[in-house]
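Colleague: Here is what each chain is made of, one letter per residue.
Protein chains: 4
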Amino acid sequence: MSEKKTVSIVGGSGYAGGEFLRLALGHPLLEVKQVTSRRMVGDPVSLVHPNLRGRTNLKFVDPAGLEPCDILVLSMPHGVAAREFEKYAGLAPIILDLSADFRLKDLGLYKKYYGEDHPRPDLLNRWVYGNPELYREALKTANHIACCGCNATATLLGLYPLVKEGLLVDGPIFATVMISTSAAGAEPSLASHHPERAGSIRAYKPTGHRHTAEIRENLPGHPQVHLTAVATDRVRGILMTAQTFLRADLTEKDVWSAYRKVYGAEPFIRMVKLKKGIHRYPDPGVVEGTNYCDVGFELEEDTGRLVVISAIDNLVKGTAGHAIQSLNVRMGWPETTGLEFAGLHP
Amino acid sequence: MSEKKTVSIVGGSGYAGGEFLRLALGHPLLEVKQVTSRRMVGDPVSLVHPNLRGRTNLKFVDPAGLEPCDILVLSMPHGVAAREFEKYAGLAPIILDLSADFRLKDLGLYKKYYGEDHPRPDLLNRWVYGNPELYREALKTANHIACCGCNATATLLGLYPLVKEGLLVDGPIFATVMISTSAAGAEPSLASHHPERAGSIRAYKPTGHRHTAEIRENLPGHPQVHLTAVATDRVRGILMTAQTFLRADLTEKDVWSAYRKVYGAEPFIRMVKLKKGIHRYPDPGVVEGTNYCDVGFELEEDTGRLVVISAIDNLVKGTAGHAIQSLNVRMGWPETTGLEFAGLHP
Amino acid sequence: MSEKKTVSIVGGSGYAGGEFLRLALGHPLLEVKQVTSRRMVGDPVSLVHPNLRGRTNLKFVDPAGLEPCDILVLSMPHGVAAREFEKYAGLAPIILDLSADFRLKDLGLYKKYYGEDHPRPDLLNRWVYGNPELYREALKTANHIACCGCNATATLLGLYPLVKEGLLVDGPIFATVMISTSAAGAEPSLASHHPERAGSIRAYKPTGHRHTAEIRENLPGHPQVHLTAVATDRVRGILMTAQTFLRADLTEKDVWSAYRKVYGAEPFIRMVKLKKGIHRYPDPGVVEGTNYCDVGFELEEDTGRLVVISAIDNLVKGTAGHAIQSLNVRMGWPETTGLEFAGLHP
Amino acid sequence: MSEKKTVSIVGGSGYAGGEFLRLALGHPLLEVKQVTSRRMVGDPVSLVHPNLRGRTNLKFVDPAGLEPCDILVLSMPHGVAAREFEKYAGLAPIILDLSADFRLKDLGLYKKYYGEDHPRPDLLNRWVYGNPELYREALKTANHIACCGCNATATLLGLYPLVKEGLLVDGPIFATVMISTSAAGAEPSLASHHPERAGSIRAYKPTGHRHTAEIRENLPGHPQVHLTAVATDRVRGILMTAQTFLRADLTEKDVWSAYRKVYGAEPFIRMVKLKKGIHRYPDPGVVEGTNYCDVGFELEEDTGRLVVISAIDNLVKGTAGHAIQSLNVRMGWPETTGLEFAGLHP
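Chains Y, X, B and S are the protein sequences, given in the same order. Using UniProt numbering, count along the first sequence one by one with no gaps and you end on 346. Using UniProt numbering, count along the second sequence one by one with no gaps and you end on 346. Using UniProt numbering, count along the third sequence one by one with no gaps and you end on 346. Using UniProt numbering, count along the fourth sequence one by one with no gaps and you end on 346.
It should be emphasised that the hints constitute simulated quantities derived from the structure, not laboratory data. Treat the hints with care, as some may be off.
What the hints assert, rightly or not - Which stretches of chain Y does chain S cover? Using the computed rule of at least three CB atoms under 8 Å from a CB of chain S, they are:
| # | region |
| --- | --- |
| 1 | 12 to 22 |
| 2 | 40 to 50 |
| 3 | 200 to 207 |
| 4 | 268 to 278 |
| 5 | 337 to 346 |
Predicted, not measured: the structure shown is a model, and the values here were computed from it. All C-beta atoms, glycine included, are put in the ideal place defined by N, C-alpha and C.
Construct all of the structure, not just a fragment, from the sequences and the given hints.
Modeller: If you want it as structure tokens, here you go:
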């Protein structure tokens, strides 16, 4: 049995940090050392993460009091990790960043989608994109892991085998992500005020979603993927549907083959395409709390239109679970360690 | 046909003021003159009340720019109407206040439940409690109407006939109100942050709810009603259940008789107690958007326990609709004018 | 003032028939004469439509007992209206059918999407598609009105001006409809069993949705519109997003011009595209209970991708409200009669 | 390390059986041998329990094909386990029944609440009520465990220490349980049809709830507990509030002492009564998926009214988790084995 490694979390009062904390507390090879929050110094972490009552006596500490540890997880607002990187770089040999700061290599894409020049282009090359399905080999030796965006994960994992194996007609791919309210974070706002948001189906980002950049950069050949984001009133979860066309010489069997070839050994990807029952396609309700990405598709025979469907929990496979999985790869631990929860039904 | 009366709303960007505005715009005998909001001066009212798009071109004005009108509606945070009464008193011959400031006559109850002495006890006697079912006669000549609280309305209308007709055993009455998220108002807060509130069933005020005071003051004989408030994730609506004991010499028929005697001619109270179907008791989903208070009950034969059930929409019958109904009574208009919406199903 | 016309509803225990009944009861120029239900003969209509308690004393009658009336509304399962048309044809000079039986003229499209030959092609020519925005002139003299499908309405009203005015690049249009649970009707099923459906985002019809046929037939030039239907857990409402490309020589102003030109005088279409606030685009929550179709769009400048967004209440503008509007056109009544409800917020 | 024990589930297609299956699959000392379903013989269990995709290849078998095993779990409709007990009695030395058939000792209470004489009173004495907090000692040697009802569990665990320690004034205790839709089972019905149930707050059993019998029988001294059940639209979870009076000579400290004394060493009971934050009292959202029962209270100083609040997941602590916990006690395994999930937030 490996020895436990210590992990500390910078920015642990939000949803991403809290989810990493939950998973780390249940991980047999991790020991949570410190969790920071500027606003809540001295409060038990369970005050804002009530599911952790009775699970830990940890209290929030000030970031200034961070001590060296084996693994440091950064969960801060956009831009902070890049601007303050020197503060944290020396604290741990392995650093995971949950923000978007170090995900992109293409500075032009960064500027286009984030509206400014990247503050620290010199740092980008040392980071590996935290997506084990695409970058498992690189992750095995990565000391800096830029964990991927939730909508990007759902879209990439749905499309990757089809693009990689060259199954799609050239041309635009239209992806629609139906997302949930936890994605906007733990800070109250009018957009997330319950009476305004409950029951809402809100086209909150029809164009220009930042995760588009991650998707394009990480798909082979950089196809023109368009992203439309619609906010639902689920608390957790993403359903992604992508519309494109299959090459005219191919059939449904070829689609199956591509997925099997690329994902055959993946521990967290399940192909879901049933002929009966009510759960025939991926559904975020089914994967809530789990690290699964369920993937399915439907082919319209007469037109060749291919609809790809994927579902994840944005806070697990979309954020903290994917981070744990990347970390397991990095540490040489079994990849599913600490990610065993099967999800609930109903 | 009567001539239209002008009405202005002080504090029209919140949910109570917005709901009064919606009803007033659809009322054939009211003409909305001005709507105030300090923060949104110059913005169209439809910016925060998107249901009113295409229904009105009104823009928010500063309270300082209020002009005289026939009817003034005050919809301000607790305490403001009492403290600033002189600002508004001269603007209109008829004033309705949607806050709790002028509801109580008993200064002791006010202090107990609001934690301070009433700022303007001298004003209290001129106000009539805006509950037509209990105070219709007084409302006919009332120039100052203190509109009643939403939980108080649900509880009072459920219990009033039983108390008035002396059907209950002396002793405590335990009322539980299951309320909705709009009751906390339009201002974002952590408690109403969607990810925290969605799916929540939260015992937010097990004891000490302020509406207890209104309920006790307005029930004949002032029985000891205890109120426990539980927050659900409905956006609108209240379900009230009250538990008490029927006098041992009485039967279900006597309960029916009391309700019929007191409510037989009420336009907005429906007795709901069916023997079949799935809608056998009052349900806030059924009365959403309407001015109805549905009332039902169940009697446990062997113990005499009586469970009273009522349901309202907190923003309509619980606030703005009740206010319009009171105003209709005051003006001598048909009591249902502007309150005809039947509600939706499903 | 016109004289009231009598209307009877065949199949009034379901959601579509019930919604027509609700609107007809509130319509000043309609008098509901009979409502049929085979299973519920003798039961009050309010048993299954609890919002109508206190609004009507109507009881369900057997279809065999139908008497002549001015207007007959058919609300029956797919295929019944066509197969049993002779039963009803003589009962009223004006007939509205809420089913899909008489919507299509193209027998090939019917066979493709409904899987069988049309049972009564001889009847098709007498029916006018019940969409006032597209067929107002024809509806003025129509005695047989085939009311349009809910998803078709949302999609058609979003795309029609752009297609009619020739603003779009040739090529496929990808429409995604996010629909609600009432669309599946009043009959319990596993797919609509609350524990299975609540919180679900279900890709229930990625390809092959029947409303595709209506959409293609009624758009000028019959563009290749692809429809993907995703089921949410809203009870009412549709959000439609369509992705396509604007012609390279055009700008956002041209899009605005097309919508204004075609919809400038429409009483139930609101353009929604704001620069601030949280309600910047159409949202089904805002139009619930109303006959509005809110339409908005967003243009991605660098690629010309145009995302069109529309929102309706599937039971009102998508079914019964659209039917009432068509009937108002037919009768020469003001088009908004009986459809004045503004909707609720929050 | 103990050797694994085999467990089979009779009636595994429903929610209770499915939840036991999920927990058993994740239990390191259990090996699931067979799962029966009459209707689904040969179908993979993941067809109806989609969360188990990739977790098990088990297929449903016919009950007639059941083989001997170490532990048999009966999850059948009311009355079947009692009537068919001989079929199953010989298959395993340890039997757990998830139904209500063997919970009560008092035949009078059974008849009163279930409306008929108990079919097999001769069997009752061999069963131990599966509530480890109340009957841990007896469970250590129990070969027949009658798992307790979900509403009974929430109510019993909230009230037990107060009654046991004699803190309450004699007199009625009014308990209100706010329950969820999974409690009605996996079979579609009109009451659980999504459009009818969503958003509903339904007083579905104001009096006469069957779990009242279990509560009274298992509280020391059999106080007069009244139960009112209200159905919410949560899928899982129960919030219980009970209203009663604390003895006049006691204070809040005594309430704390009683809970600490009785529950101090309980692994699955958490006292929740905070002075700040939004999670001050138990909330079913926080315990979803877990075996926790969170318990809190509030005391109204001037009247002595005590409001007790508890929250559980009806399918875990209310059914299958409580069963696993009882089984762990019986087998001498650590009591939390297989029940480690912390729950999600948000």
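Colleague: Now, for every hint given, state plainly whether the structure supports it.
Modeller: To see whether the hints hold, each was checked on the structure:
1. 12 to 22: holds (count 3)
2. 40 to 50: It holds, with 4 qualifying residues against the three required.
3. 200 to 207: Since 0 is below three, the answer is violated.
4. 268 to 278: holds (count 5)
5. 337 to 346: Holds, because 7 residues of the region 337 to 346 of chain Y bring their Cβ atoms closer than 8 Å to Cβ atoms of chain S.
The structure fails hint 3 only (numbered hints given earlier).
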